[in-house]
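Quick note, the sequences are listed as chains A and B, same order. Its first residue numbered 2, the first sequence is counted upward by one per residue in my numbering. Its first residue numbered 532, the second sequence is counted upward by one per residue in my numbering.
These aren't lab readings, by the way, just hints derived from the structure by calculation. Among the hints, erroneous ones may be present.
Said to hold, decoys possible - The calculated lysine-lysine pairs, modelled on BS3-like cross-linking and capped at a C-alpha distance of 27 Å, are:
#1 A/Lys149 / B/Lys584
#2 B/Lys554 / A/Lys179
#3 A/Lys182 / A/Lys199
#4 A/Lys149 / B/Lys578
#5 B/Lys578 / A/Lys146
#6 B/Lys569 / A/Lys169
To be verified - Distance ranges between label pairs, derived from CB positions:
#7 B/Gln603 / A/Gly79: 19 to 27 Å
#8 A/Asp29 / B/Thr544: 31 to 39 Å
#9 A/Arg4 / B/Gln601: 45 to 53 Å
#10 A/Thr28 / B/Asp590: 30 to 38 Å
#11 A/Gly44 / B/Gln601: 26 to 34 Å
Stated by the list, open to error - Some residues of chain A that are not near chain B, with every Cβ distance over 12 Å (derived):
#12 Asn49
#13 Val97
#14 Arg115
#15 Glu234
On a predicted model such as this, the values are computed, not experimentally measured, just so you know. Quick reminder that beta carbons are idealized off the backbone N, C-alpha and C, glycines included.
Below are the chains, spelled out letter by letter.
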Amino acid sequence: MERMAEILRALFRRALREHGRDAGALTDIIILRAGDRFGPRLGAVFSNGYRAWAALHPTELRTYCEQHLITDVETLRGQLLREGQQSYARMLEAHVAEIAFREQWALVTGRMQRVRNEPPPSRLDRFARLMGFGRRSTLDIDDSKAAKRGIKLLEENLSPTQRQQYAKHRHFDVIGGKTGKRYRIHHGSSMNIDQLDKNGRRVCGWCFFPRGGLVAGDAMLAQKFALELFEIEALQVANRLYRY
Amino acid sequence: MSVHIVMDRSGDTRHEFDTGNPKALRQAEERFRELTGKGFRAVALGKDGGPGKLVEKFDPHVEQTLFIPQLQGG
Numbered sequence: 002m003e004r005m006a007e008i009l010r011a012l013f014r015r016a017l018r019e020h021g022r023d024a025g026a027l028t029d030i031i032i033l034r035a036g037d038r039f040g041p042r043l044g045a046v047f048s049n050g051y052r053a054w055a056a057l058h059p060t061e062l063r064t065y066c067e068q069h070l071i072t073d074v075e076t077l078r079g080q081l082l083r084e085g086q087q088s089y090a091r092m093l094e095a096h097v098a099e100i101a102f103r104e105q106w107a108l109v110t111g112r113m114q115r116v117r118n119e120p121p122p123s124r125l126d127r128f129a130r131l132m133g134f135g136r137r138s139t140l141d142i143d144d145s146k147a148a149k150r151g152i153k154l155l156e157e158n159l160s161p162t163q164r165q166q167y168a169k170h171r172h173f174d175v176i177g178g179k180t181g182k183r184y185r186i187h188h189g190s191s192m193n194i195d196q197l198d199k200n201g202r203r204v205c206g207w208c209f210f211p212r213g214g215l216v217a218g219d220a221m222l223a224q225k226f227a228l229e230l231f232e233i234e235a236l237q238v239a240n241r242l243y244r245y
Numbered sequence: 532m533s534v535h536i537v538m539d540r541s542g543d544t545r546h547e548f549d550t551g552n553p554k555a556l557r558q559a560e561e562r563f564r565e566l567t568g569k570g571f572r573a574v575a576l577g578k579d580g581g582p583g584k585l586v587e588k589f590d591p592h593v594e595q596t597l598f599i600p601q602l603q604g605g
């Protein structure tokens, strides 16, 4: 029973990795009988049309059926779908929460960095704040203007494919100039780079960004050029974040 | 005309200079040296998102040079 749940969870993890926030709902489970070339397979079908497959061992299937007193494929499908939907709902909720946390964290660290690099307020500024003026610093006022400039500069320097990808998914892929590895830069200014394997799965995360508390557009463009033009040096200063 | 684009907190600051003007060229070269001396990386931008190229020495023929501040790990 545990083994089947594990297989389902692996399929769901794959769907969540591929589609992030846009992952669809689980709509069906497919059990394929063994064919000439393949053994039995288990498939998960999602509302966005995505399908994920995993190989099944006949003994795993038999054990599961015996434990649940299942004698036909249709009942097995129904049982797995019910279990899968519950498990997937929990995973989806946690996944969306993690994405939201990462975005929020990137925002917070970006702001902290900008504040750290902000010169101390002048006597006039301090006086103005004391008098109740200037509750918003010039940083806040210029924030959106700077952010827009940063995004414009980024978009001007992305390749057509990267631009399309960024417009659609708020991330774009970059090929490392030295190693040929594929990286995915998500919108943000820190903790926003994933290294992908040849199947597009995340291997680990990298965190590096330009000094000076730059806006997200600038940070992403700096990360893109760094990976394309001086990948090894960039990774030497970067922190490797996590493994999957 | 060429331009130096320096990334900063305002998004970027652009310094345009006339490559036919020796004084403007000197200033541009000085800016290049100063920024790269501070750890900025200079990248010659490609056209329409084409691949960029690292620039180690001041080159007046590069139309658009982007200056990226030194990187740090997070």
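What are the numbers of the hints the structure violates, in ascending order?
-> Violated: hints 2, 6, 7, 8, 10, 11, 14 and 15.
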